[in-house]
Every structure is written in C-alpha cells, then in structure tokens.
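The listed protein sequences derive, respectively, from chains A and B.
For the first sequence, our numbering begins at 1 and goes up steadily by one.
For the second sequence, our numbering begins at 1001 and goes up steadily by one.
These are calculated hints, taken from the structure and not from any lab test.
Fair warning: there could be bad hints in the mix.
Claimed, not checked - Example chain B residues on the side facing chain A (calculated, C-beta under 7 Å, incomplete):
(1) Ile1092
(2) Gly1104
(3) Ser1192
(4) Ser1228
(5) Ala1292
(6) Leu1293
(7) Tyr1295
(8) Thr1298
(9) Leu1302
(10) Ala1303
(11) Gly1304
(12) Tyr1319
Stated by the list, open to error - Estimated spans, in silico, between C-beta atoms of each pair:
(13) A:Leu171 - B:Ile1296: 42 to 48 Å
(14) B:Phe1270 - A:Thr165: 19 to 25 Å
(15) A:Glu250 - B:Ile1202: 30 to 36 Å
(16) A:Gln373 - B:Leu1078: 27 to 33 Å
(17) A:Thr165 - B:Gln1116: 57 to 63 Å
(18) B:Asn1061 - A:Arg367: 56 to 62 Å
(19) B:Ile1296 - A:Phe218: 50 to 56 Å
(20) A:Val23 - B:Arg1177: 55 to 61 Å
(21) A:Leu282 - B:Leu1153: 55 to 61 Å
(22) A:Trp11 - B:Val1320: 51 to 57 Å
(23) B:Phe1136 - A:Gly172: 17 to 23 Å
(24) A:Gly142 - B:Arg1273: 33 to 39 Å
Built from N, CA and C at the ideal position, the CB exists for glycine as well.
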Amino acid sequence: MSNPYAKLPAWAEYILIPLLNLVVAFLVAGLVVLLVGENPLDAAYYMITGAFGRGEYIGFTLYYATTFIFTGLSVAVAFHAGLFNIGSEGQAYIGGIGVALACLWLDKTMPWFVVFPLAIIGSAAFGAMWAFLPGWLQAKRGSHVVITTIMFNFIASSLMVYLLTKVLKPLGQMAPQTRTFEAGGQLPKLDWLMSIFGLNLGNSPFNVSFLLALLAAFGVWVLIWRTKLGYEMRTMGHSPSAARYAGIGEARITIIVMMISGGLAGMMALNPIMGEQYRMQLDFVQGAGFVGIAVALMGRSHPAGIIPAAILFGMLYQGGAEIAFEMPAISRDMIVIIQGLVILFAGALENMFRPAIGRAFASIGRRSVAAAQTRGA
Amino acid sequence: MDLFHTIIAILESTIRVSVPLIFAALAGLFTERAGVFDIGLEGKMLGAAFAAGAVAAVTGNVMLGLLAAVLISVLLSLVHGYASITQRGSQIVSGVAINFIVAGSTVILGEAWFRQGGRTPALSGDARFQTVTLPFADAVRDVPFLGPIYSELLSGHFILTYVAFALVPFSWWILYRTRFGLRLRAVGENPSAVDTAGISVIWLRYRAVICCGILCGFAGAYLSLAMSAGFVKGMTAGKGYIALAALIFAKWRPVNIMLACLLFGFLDAFAIRLQGNPLPLIGQVPVQLMQALPYILTVILLAGFIGKAIPPKAGGVPYVKER
Chain A
1 MSNPYAKLPA WAEYILIPLL NLVVAFLVAG LVVLLVGENP LDAAYYMITG
51 AFGRGEYIGF TLYYATTFIF TGLSVAVAFH AGLFNIGSEG QAYIGGIGVA
101 LACLWLDKTM PWFVVFPLAI IGSAAFGAMW AFLPGWLQAK RGSHVVITTI
151 MFNFIASSLM VYLLTKVLKP LGQMAPQTRT FEAGGQLPKL DWLMSIFGLN
201 LGNSPFNVSF LLALLAAFGV WVLIWRTKLG YEMRTMGHSP SAARYAGIGE
251 ARITIIVMMI SGGLAGMMAL NPIMGEQYRM QLDFVQGAGF VGIAVALMGR
301 SHPAGIIPAA ILFGMLYQGG AEIAFEMPAI SRDMIVIIQG LVILFAGALE
351 NMFRPAIGRA FASIGRRSVA AAQTRGA
Chain B
1001 MDLFHTIIAI LESTIRVSVP LIFAALAGLF TERAGVFDIG LEGKMLGAAF
1051 AAGAVAAVTG NVMLGLLAAV LISVLLSLVH GYASITQRGS QIVSGVAINF
1101 IVAGSTVILG EAWFRQGGRT PALSGDARFQ TVTLPFADAV RDVPFLGPIY
1151 SELLSGHFIL TYVAFALVPF SWWILYRTRF GLRLRAVGEN PSAVDTAGIS
1201 VIWLRYRAVI CCGILCGFAG AYLSLAMSAG FVKGMTAGKG YIALAALIFA
1251 KWRPVNIMLA CLLFGFLDAF AIRLQGNPLP LIGQVPVQLM QALPYILTVI
1301 LLAGFIGKAI PPKAGGVPYV KER
C-alpha cells in the first residue's frame, strides 16, 4: 500500500511526531485534571517528584517499567508482522502459571538462580502456549487474531479464577492465591545497581528481572533487524502479498510470531510474582498487557523506543500514586485515561499532524532554495 | 410445576441481561456492516451509562438521562469516526483507546462530582425507568401454562426492553429494505463501487458510526437507569465484548444477533442460578466455565467449526480515494 503522506526527515519522523502526539495526549489529560478542579502543573510536579524524587521512588518506577518493557515488546513483535496482539494481558496472566509451578516445585530446595531460569522457561512456554491457539486459528482457519485474543483474555481470566480458587490455593486458606514462596522463589533486588548511582532502594521491589527485560529488548532488536525470521516478519507486516510472492510461509510466520509475542508477555509474570509478591495472586497483571499497547505505539515498536516509553509509564504508575496521595480527587484511574489518550494520539491519530508538518518542511525547503538562488544571482 | 416456575424465572432474567447485549450488538452491526470495526462498544456503553446516571441524578428526569447517554455515546462514536474514517487511523487502536479513556474518566469525574466512590447517587421515582405491566397481566395470571408466560415472562419489563426487541426487525428493515441500508452494506463490502456511484463513502460511514452511537447510548442508559438504580464504576463488566462476540456469532445478521444475545444472556442467567447447585447427570459445573462459555463458543465459531463467520469484506480498512 502506498504511503499517502510526504516523506519527512528521519528526526521528524522518529522524534518530532511521536513527541508532538505525546504532548497533545498530556495536554488533554491536563484538561481532565482542570475539569476535576485541580491544577495540572501541580499534578505534574507531584508526579515527577513522586516518580524520581528518591531512590525508593525510582526503584518503584523501574519496577513498573520492567513489567511494561515485557508487554511492550510483546505487542511490538506482533506489530512488525502486521498482527495486533491484544491478548498480552491474558498471555501474561497464563504465563504466571509457569512461574508459580517452578517456584512451588523447587523454592524450598534450590537457590533462586536455579529456579529463575526454570521460571523464565515456564512463563515463556505458558504465555506462548496461550498465544499459539489464536495464532494457529488466524493462520489455518482465518479467524481474526484481534477478536480471538480478546476472547482468550476473558477465557484466561475465568481459568485463572478457577485455578486459584480450586487448584493452586493451599488447603484452609481463604484468599485466592498460592502459598508464599520460600527463598528460592524470591528474586534478589538490584540494590547494588542503584548504589552505584548513590541511591538507596528502600522498600521498592526493583529486581533482577529488569536486567532480563533489557536482555529481552536486545534480543528483540536482534530478532527483528538481524535475522532471516525478522526480515520475513517485516516483509509480511509491510506487504503480505509481497511476502507470499517471495515464498515466505505466512501461516508459519504468523504462528511463530504469536508464540514469541506470547512468550514475551508471559515473562512479564516473573516481575510481580518472583520479584514482589512472592506468590501468585488473583489479577496480578493489573492491565499491564494493555499498557503494553500504549508502550509499543509510543516506542514505535522499536526496543530503543519501548524502553523509554516503558519508563514513562512506570513514572505514571509510581508518580500517579503520589498524585492520588496529594490530590484525593485524582485517583490512579487518571493513568488509565492517559494510557487511552496516548493510544489515541500516538496510535489511531498518529497522522493527524503529519500533513501540517510536511507542509511546513516543504515551505522551509522552498524558501531556502529560493534564498540560495537570490544569493547566487 | 416447580420446575416450570424455575424455567420461567431463568428465562425472565435471560431477557433482563440480554437487553444491553442486543442494543450494543445492533450498534456494532451498523458500523461493522459499513466497514468500520468497533472494539469500543464497551467504552461507549460505559460512558453512556455514566452520563445517564449523572444527568438523571442531577435533574431527576429519566428522559434527560437517556438523552445525555445518547449524546455522549454519539460523541465518542464521532471521535472513533474521526480517527478511523477521516484520519484513516487503525480502527482497532482507536477503539481500544476509547475504552481506556472512558474507563478512567468515568471513575475520575464520578468521584470528583458525586464523591461516592465512583458511583452516581441512587435513583428513584421519575429519575429511573419503571417497569411496564402489559394489559390484563394480572387477570390472566392464573390461567395454567400460558398465564405465567404472559404475566411473568412477557409483562413487567422496562420500556427499553420492548424497544430493544422492536429494534431487531427495525434494524433488519433498515439494512435490507431501505436505500440507506443497501448503501451502508455496500460501503462495507466494496467502498470504491459506492464511490463510483457518486455517493460519499465518508459521509455514509459517519452516519453508520452515529447510528452505532445512538444504540450504544440506549445500552448504557438501560444499565444505569433501568437494570440498576444509578451508575457503578466499571458496570459494563465486559458486556461490550460479549456483544461483539454475539455480533460475530450471529454472522452480522439482525435476527441472529437477537438469538445470540439471548443465548449468551441465558448462559449468564443460568450460571447465576447454578451457583452451588449441581446439575443432574453432569454434577458440579464450575461457574467460571459458564462465564467463559460465550467466549469459547465464539472462538469455536470463528474457527469455522460451526458454519463460517465471514466479516464484511472492507471491514477494518480505511477508504483511500485514488490519487
């Protein structure tokens, strides 16, 4: 399909336009704050100090960011192949089973560095399995992956309620959750990393899975831009018919991409389960899969964009708690609005400012050409 | 006789929970038949429910509440239309965005305006829809068999319930028997043919999106003004997605939509009834399985194992006039 918009310089394409869309999203969010009768500038101040004011706050911000890097990468990988995986939420939820099983099995006998790799494999395998069916259905039966992944989110949530209330809950306990893991099921915190910068981690659950997230981001970059599979994925994403003519197996790519995407989403479960709560609780994903959509759109599906976008959303989550404390009228639901606005402006309306910017660049270009000519004459 | 009354009671609650699904699924029918996919049914319904609850609580007038619901829902539809028709953005991304914006802002605004933990004040009297007793409902109550069916199953619903069921043949008539309906279906299958005939694809799609907004407004108003007395945060609880599932399950046809919504409503009503009571022969069925059943059925249908669900051909694709 031809691009109906004029080509822009790279810095405008990758920095100016995303930034502009983000600014508009935040301006509209500011309007909501005004509507509630609070000062948006104060809210922004509380948010930034709440997210970065102290070592502990930074730890929380990065803890949330870890989660969003995983889900953002999950959505982004699917985007590259032209697939929209709304199911990261459910895949992350099911991924939790893999983490919980590894921990419940070995946490009393093995140290964390033995349990962790198994938990990684388990979470990725369970997440991938939950994404396999939608992928297979799209590839072989032609049912749209968007609809099936939405349905699978709901099925996952029912399944997990069943498992946590009936199967994984220890006898005689009321709360729908697994037992608390022993030392082997608890990931070490990254206080040494923070102390390099002279910061104190405090109570924040910033843990080793952050490093795994960075590793995953690098892995995704290698996969998409440095491997044959990545090339095939991007070809299919740009033009399915070109991919077909080139002999790229559409069904195979669809299934593999969905499984990679589901695996990345599933790995998100490591962070809250092994890194913070040391048990699997009901609803531990808390919408992180959907935040991943906003993160992937904002980061333009590139790992180098996803990491800052995830940190921004980590800031919103951690700083948002601080706003809620200072301004009772603004609860954490403000973040959901901002998330929606970012998805709207960075995703659905991403081309809104493009014609205007294109015209601006064109007129600057003409003017400098004209200026050069008059100087020459 | 006891079993008979139980069945009547289950069917009665089936109708009650199916109504918002019917409104929302018909809403989806109009946009999707015109080639605009809409994942934002959930958000529009929630926004409408909030607007209805808030306005009815402040003014004490149920009709103003309904009007506010329709207005907000149409406004949200126009945002979706602007993003996906005018700006040619991704329809799915835009729908997802609307769901989040509404989910967050109904809580924030509700808490700021009413301070009741995201609820709107409880409605009573003229601020809420009242049930309608059909003529002679009391007189025929004692007639065996048909009496209870008429007086308990058919009578005693809200006016919106009857509107919802009347809308099913009405939507069929609009889509299949009017010029507007023909063009609307055409624009969802082959927009360039419609364009060649000199009819504006953009304006037609906008009208479809507005129809969707109006119907989602009714769905939301039913939730907060009829089914419950006021808005509760997150009260749609996935009904928009079930409606979407019903729409697909019904293969984008009006009468099938009603049947699909009744089926999903029945599963819901049955699951509530079943809680704690084992089924004969099968034994205890987990409630969660019943709750997941509409989604599982839709996935199986989509996979082509129960007939084939073929969406409108141009669905999801923004229309670009040749340059």
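To see whether the hints hold, each was checked on the structure:
no.	hint	result
1	Ile1092	holds, 6 Å
2	Gly1104	holds, 3 Å
3	Ser1192	violated, 14 Å
4	Ser1228	violated, 20 Å
5	Ala1292	holds, 4 Å
6	Leu1293	violated, 9 Å
7	Tyr1295	holds, 4 Å
8	Thr1298	holds, 6 Å
9	Leu1302	holds, 3 Å
10	Ala1303	holds, 4 Å
11	Gly1304	holds, 5 Å
12	Tyr1319	violated, 12 Å
13	A:Leu171 - B:Ile1296: 42 to 48 Å	violated, 30 Å
14	B:Phe1270 - A:Thr165: 19 to 25 Å	holds, 20 Å
15	A:Glu250 - B:Ile1202: 30 to 36 Å	holds, 32 Å
16	A:Gln373 - B:Leu1078: 27 to 33 Å	violated, 47 Å
17	A:Thr165 - B:Gln1116: 57 to 63 Å	violated, 30 Å
18	B:Asn1061 - A:Arg367: 56 to 62 Å	holds, 59 Å
19	B:Ile1296 - A:Phe218: 50 to 56 Å	violated, 38 Å
20	A:Val23 - B:Arg1177: 55 to 61 Å	violated, 49 Å
21	A:Leu282 - B:Leu1153: 55 to 61 Å	violated, 37 Å
22	A:Trp11 - B:Val1320: 51 to 57 Å	violated, 27 Å
23	B:Phe1136 - A:Gly172: 17 to 23 Å	violated, 57 Å
24	A:Gly142 - B:Arg1273: 33 to 39 Å	holds, 37 Å
Hints 3, 4, 6, 12, 13, 16, 17, 19, 20, 21, 22, 23 from the earlier list are contradicted by this structure; the remaining hints agree with it.
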